[in-house]
Amino acid sequence: MGAYNTIAFKPEHCDGCNACMTACATAKAGSADILNSRIQIVADGDSFELAMCRQCGDPKCVANCPAAALAKDAGDGVIAWDGSKCVNCLLCTVGCAFGGIVYNAAAGHVVKCDSCGGDPACVKACDRGALNYLTTANIYNEVGDLEDLFVPGLAGCQGCNTELIMRHALRRIGPDTVLATPPGCIPGMGSVGYNGLTGTKVPVFHPLLTNTASMLTGVKRHYKRQGREVNAVALAGDGGASDVGFQSLSGAAERGEQILFICVDNEGYMNTGMQRSSCTPFGAWTSTTPVGERGHGKTQDAKNMPLLMMMHNCEYVATASTAFMEDLYDKLDKAIAASKRGFAYLHIYSPCTTGWRFPSQENIEVARKAVETNFVMLWEFNPRDGLRLSRPLDDALPIDAYLEVLGKYRHLEPEQVAHIEGTVKKNAGFIRSLAEGRHPAMAQAVSGRA
Amino acid sequence: MQQTQYLIIGASHAALSALQAIRMQDAEGSITLVTRDDALPYSPTVLPYVVSGRSAPERVALKDGVWFEQNKVGFIRGAAVTAVDAAAKRAKLSSGEEIAYAKLLLATGAAPILPPIHGLKDVRFHVLRTLDDAVGLHRALPQTKQAVVLGAGLVGMHAAENLAKAGAQVTVVEMQPRVLAGYFDAEASAIIEAAFAAKGIKLMLGAKVSRCETAGKAVRVTTDSGATLDADLLLVAAGVAPVTDYLAGSNVAIDRGILVDDSMRSSVDGIWAAGDVAQAKGFYNGEKTLNGILPSAVEQGRIAGMAMAGDPALKPWPGGVPLNTYTFFGQQAVSVGSQDEGEVVRKEADAKHYLKIVMQDNRLAGIFGINAPFDPGVMWEIILRRIDLSSVREAFIKDPQKTARTIMSKTWR
Numbered sequence: 001m002g003a004y005n006t007i008a009f010k011p012e013h014c015d016g017c018n019a020c021m022t023a024c025a026t027a028k029a030g031s032a033d034i035l036n037s038r039i040q041i042v043a044d045g046d047s048f049e050l051a052m053c054r055q056c057g058d059p060k061c062v063a064n065c066p067a068a069a070l071a072k073d074a075g076d077g078v079i080a081w082d083g084s085k086c087v088n089c090l091l092c093t094v095g096c097a098f099g100g101i102v103y104n105a106a107a108g109h110v111v112k113c114d115s116c117g118g119d120p121a122c123v124k125a126c127d128r129g130a131l132n133y134l135t136t137a138n139i140y141n142e143v144g145d146l147e148d149l150f151v152p153g154l155a156g157c158q159g160c161n162t163e164l165i166m167r168h169a170l171r172r173i174g175p176d177t178v179l180a181t182p183p184g185c186i187p188g189m190g191s192v193g194y195n196g197l198t199g200t201k202v203p204v205f206h207p208l209l210t211n212t213a214s215m216l217t218g219v220k221r222h223y224k225r226q227g228r229e230v231n232a233v234a235l236a237g238d239g240g241a242s243d244v245g246f247q248s249l250s251g252a253a254e255r256g257e258q259i260l261f262i263c264v265d266n267e268g269y270m271n272t273g274m275q276r277s278s279c280t281p282f283g284a285w286t287s288t289t290p291v292g293e294r295g296h297g298k299t300q301d302a303k304n305m306p307l308l309m310m311m312h313n314c315e316y317v318a319t320a321s322t323a324f325m326e327d328l329y330d331k332l333d334k335a336i337a338a339s340k341r342g343f344a345y346l347h348i349y350s351p352c353t354t355g356w357r358f359p360s361q362e363n364i365e366v367a368r369k370a371v372e373t374n375f376v377m378l379w380e381f382n383p384r385d386g387l388r389l390s391r392p393l394d395d396a397l398p399i400d401a402y403l404e405v406l407g408k409y410r411h412l413e414p415e416q417v418a419h420i421e422g423t424v425k426k427n428a429g430f431i432r433s434l435a436e437g438r439h440p441a442m443a444q445a446v447s448g449r450a
Numbered sequence: 001m002q003q004t005q006y007l008i009i010g011a012s013h014a015a016l017s018a019l020q021a022i023r024m025q026d027a028e029g030s031i032t033l034v035t036r037d038d039a040l041p042y043s044p045t046v047l048p049y050v051v052s053g054r055s056a057p058e059r060v061a062l063k064d065g066v067w068f069e070q071n072k073v074g075f076i077r078g079a080a081v082t083a084v085d086a087a088a089k090r091a092k093l094s095s096g097e098e099i100a101y102a103k104l105l106l107a108t109g110a111a112p113i114l115p116p117i118h119g120l121k122d123v124r125f126h127v128l129r130t131l132d133d134a135v136g137l138h139r140a141l142p143q144t145k146q147a148v149v150l151g152a153g154l155v156g157m158h159a160a161e162n163l164a165k166a167g168a169q170v171t172v173v174e175m176q177p178r179v180l181a182g183y184f185d186a187e188a189s190a191i192i193e194a195a196f197a198a199k200g201i202k203l204m205l206g207a208k209v210s211r212c213e214t215a216g217k218a219v220r221v222t223t224d225s226g227a228t229l230d231a232d233l234l235l236v237a238a239g240v241a242p243v244t245d246y247l248a249g250s251n252v253a254i255d256r257g258i259l260v261d262d263s264m265r266s267s268v269d270g271i272w273a274a275g276d277v278a279q280a281k282g283f284y285n286g287e288k289t290l291n292g293i294l295p296s297a298v299e300q301g302r303i304a305g306m307a308m309a310g311d312p313a314l315k316p317w318p319g320g321v322p323l324n325t326y327t328f329f330g331q332q333a334v335s336v337g338s339q340d341e342g343e344v345v346r347k348e349a350d351a352k353h354y355l356k357i358v359m360q361d362n363r364l365a366g367i368f369g370i371n372a373p374f375d376p377g378v379m380w381e382i383i384l385r386r387i388d389l390s391s392v393r394e395a396f397i398k399d400p401q402k403t404a405r406t407i408m409s410k411t412w413r
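Chains as they are written, first to last, in our numbering: chain V, 1 to 450; chain P, 1 to 413.
The hints are simulated quantities; they were obtained by calculation from the structure and are not laboratory data.
The reader is advised that the hints may include incorrect statements.
[Unchecked claim] With a straight-line Cα cutoff of 25 Å, these simulated DMTMM-like cross-link-like pairs (lysine to aspartate or glutamate) come out: (1) P:398 <-> V:46; (2) V:10 <-> V:413; (3) P:402 <-> V:15; (4) V:72 <-> P:69; (5) P:63 <-> V:114; (6) V:85 <-> P:64; (7) P:89 <-> P:132; (8) V:72 <-> P:381; (9) P:410 <-> V:145; (10) V:425 <-> V:413; (11) P:63 <-> V:58; (12) P:410 <-> V:15; (13) P:410 <-> V:127; (14) P:352 <-> V:33; (15) V:10 <-> P:381; (16) V:85 <-> P:58; (17) P:398 <-> P:350; (18) P:410 <-> V:58; (19) P:402 <-> V:46; (20) P:315 <-> V:58; (21) V:85 <-> P:132; (22) P:402 <-> V:33; (23) V:425 <-> V:327; (24) P:72 <-> V:145; (25) P:347 <-> P:187; (26) P:217 <-> P:132; (27) V:334 <-> V:436; (28) V:72 <-> P:311; (29) P:398 <-> P:187; (30) P:315 <-> P:26; (31) P:121 <-> P:37.
Using the sequences plus the hints, can you model the full thing?
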């Protein structure tokens with residue numbers, strides 16, 4: 001059993017148009033009567049609620065069926081109803097606390113959502129963005145078969161996003177890897193190990209903050225000379241990448257070394273006590289940009305690392321977020337491939353529950369809000385195609401939706417919020433102009449485009 | 001002697017639900033499942049449909065051998081437990097074999113009650129609790145011209161409907177003044193009674209059978225009013241009682257069933273009980289009561305399994321809520337909760353439709369319907385959570401299904 005695709009409902013986008021119910025009733029009952037729809041949207045004043053089958057992992061409808069007519073398919077996770085076995089006793093409707101399996105008078109038996117065999121009609125009919133068919137599960141099933149190349153029991157904080165990034169990335173990159181983890185959270189939680197044992201199942205070393213890319217250059221060239229193909233990979237924090245580590249990184253990028261450099265950006269030096277880095281955004285509280293009578297958080301904007309790396313004309317540069325795993329994996333694949341030809345730089349945003357001050361279970365939601373507000377923009381670059389957006393920048397949520405969930409912004413004055421809003425707008429405009437080829441920096445790349 | 005970490009007696013909903021809960025927490029601990037039926041696990045609830053022919057006996061198995069293998073479960077069928085030595089932690093089987101266990105779940109269910117009717121033991125009659133019973137009744141259907149059913153509970157009413165559909169002249173004799181008295185009030189029962197009468201089924205309510213005797217090929221049934229009925233098929237469906245005879249001398253405390261606490265633990269260390277055999281806390285008054293229904297068996301089995309495996313996610317038994325569903329002649333009757341706690345806030349009844357809502361202190365106590373659309377599982381959860389409905393009271397009374405779905409989506413989506 002693995003992870004499954006699922007139909008997700010975002011009530012904030014629903015306006016009660018009923019298109020999903022009409023589509024479902026048409027597809028499943030051949031009538032437009034929404035009474036026959038397996039998905040039921042219920043209006044509650046101005047908002048909308050949902051009753052439909054959750055395709056539960058431990059389904060009570062199945063446990064309550066005396067006739068073995070319901071079963072969860074281990075392949076696609078859908079709970080299937082077998083009309084030839086059903087005895088119409090309705091005990092499944094007693095077991096289901098979600099209104100997901102219901103007696104239908106027209107059909108003369110219970111009906112439930114079957115996800116339309118992986119192509120749900122309701123989702124296709126929804127043009128408001130309220131229904132989405134999430135297929136991310138495929139990734140986890142695929143990756144679940146790959147070996148986790150970090151040891152169990154790394155000492156990350158509860159709910160750490162960086163640990164997710166490390167484990168996912170190295171699983172995909174594979175065992176033929178030499179890994180560099182400069183000072184930061186990643187060795188801090190145990191990548192370089194304890195008591196003479198490493199925290200990885202691949203060779204790992206602990207460069208200085210300053211020389212990560214230089215040391216990897218040497219390692220990669222050494223193996224090349226020996227005729228061995230290995231992945232030279234750095235998992236570095238934003239401090240190690242953007243501050244004192246920047247000169248060696250810039251040099252390696254400029255020389256086109258065949259390295260995959262992953263910057264895990266948690267916007268500061270979080271493992272040493274949450275000091276500011278050049279990637280810390282304006283207004284953010286850190287222990288070195290304190291909040292008090294005179295201090296109001298950081299007074300400068302963040303250095304835009306991925307754009308700086310793009311200007312090195314690297315073989316591949318991309319930004320990614322763990323809230324958008326399909327996108328992250330796609331970019332990881334491209335970055336791995338690009339690192340065989342030249343320098344590949346992947347900038348992954350990693351909200352920090354400890355340093356940014358939010359509940360640990362909210363991590364992925366924080367990462368999602370960052371993207372949905374355009375605070376973080378997802379794009380990729382290569383020298384042939386220029387910069388392309390991975391996700392449209394239109395219809396962004398107001399910046400408050402992101403700032404209000406983080407303790408490190410709790411002190412913000414309205415003018416600081418206005419500044420951040422302005423910066424986000426300016427950055428989005430800049431990235432958009434690059435994506436549309438309007439910026440001179442893209443002129444060369446764009447002229448080569450079809 | 002065979003040794004097992006978990007020994008489960010019984011193979012229906014409570015047992016299987018416990019087994020799955022154990023495997024969620026303990027992937028390797030040895031599990032042995034013992035059932036007195038020589039069959040793959042099945043549900044007593046499906047049996048009326050085996051009688052009618054709707055369900056083929058070979059297609060009602062809830063789990064098969066492959067599933068037992070996948071879940072690393074030893075499955076012993078056709079063996080009843082005859083004695084439990086709680087001190088030595090051993091169970092004796094009818095085969096003579098003994099099994100040593102660390103933890104024991106008793107999910108032995110219930111068996112038909114035979115009322116003390118003069119002469120009943122000496123005549124041919126049917127009961128309906130096992131697959132063999134159902135197959136026997138199914139075979140007897142075509143030859144049945146005159147049938148008498150003792151008891152108008154769910155088993156008796158299902159059987160009466162199927163016998164009538166097969167062409168028999170059916171009489172149901174019930175001591176209570178109405179059918180399905182455990183789940184419905186007089187008005188709702190009247191709708192069901194009318195549907196049966198319309199199909200030519202004779203209901204003798206408030207009547208008691210005083211004697212049975214063989215009269216030629218038939219069984220002659222005499223009621224206390226002196227009426228006589230000749231039947232070529234007599235079905236005794238006068239209720240069921242927990243099967244606990246094998247516990248004699250075991251120190252396991254028994255009232256009407258095996259007394260259990262809120263994690264389904266019996267009075268004896270290392271022994272749990274769940275399902276129809278267990279007597280657990282009722283939801284409304286907290287008194288321990290029998291609530292022999294399938295959804296309770298599933299829940300109790302899960303709780304027992306979690307407790308046995310030491311699952312830290314265990315939440316205690318919230319208390320049994322009477323609930324049931326009953327389909328008759330294509331109509332749907334649903335009963336969730338108590339008739340007796342609180343005030344009736346809506347009630348309507350006509351020939352084909354019935355809806356009653358009972359509330360107590362702005363909380364749902366029960367909802368009952370015939371051909372009325374609402375989600376029983378959502379209502380059950382609203383009752384269990386004691387959700388305060390004061391802010392949506394009017395809406396709930398007006399449209400219970402829609403309002404309940406809204407509450408569900410907001411509260412436990």
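Evaluated hints:
no. : hint            : in the structure
1   : P:398 <-> V:46  : holds, 19 Å
2   : V:10 <-> V:413  : violated, 31 Å
3   : P:402 <-> V:15  : holds, 17 Å
4   : V:72 <-> P:69   : holds, 18 Å
5   : P:63 <-> V:114  : holds, 22 Å
6   : V:85 <-> P:64   : holds, 16 Å
7   : P:89 <-> P:132  : violated, 32 Å
8   : V:72 <-> P:381  : holds, 23 Å
9   : P:410 <-> V:145 : violated, 37 Å
10  : V:425 <-> V:413 : holds, 18 Å
11  : P:63 <-> V:58   : holds, 15 Å
12  : P:410 <-> V:15  : holds, 17 Å
13  : P:410 <-> V:127 : holds, 23 Å
14  : P:352 <-> V:33  : holds, 23 Å
15  : V:10 <-> P:381  : holds, 24 Å
16  : V:85 <-> P:58   : holds, 11 Å
17  : P:398 <-> P:350 : holds, 17 Å
18  : P:410 <-> V:58  : holds, 21 Å
19  : P:402 <-> V:46  : holds, 15 Å
20  : P:315 <-> V:58  : holds, 16 Å
21  : V:85 <-> P:132  : holds, 19 Å
22  : P:402 <-> V:33  : holds, 17 Å
23  : V:425 <-> V:327 : holds, 23 Å
24  : P:72 <-> V:145  : holds, 23 Å
25  : P:347 <-> P:187 : holds, 10 Å
26  : P:217 <-> P:132 : holds, 23 Å
27  : V:334 <-> V:436 : holds, 22 Å
28  : V:72 <-> P:311  : holds, 23 Å
29  : P:398 <-> P:187 : holds, 20 Å
30  : P:315 <-> P:26  : holds, 18 Å
31  : P:121 <-> P:37  : holds, 23 Å
The structure fails to meet hints 2, 7, 9 from the earlier list, while all remaining hints are met.
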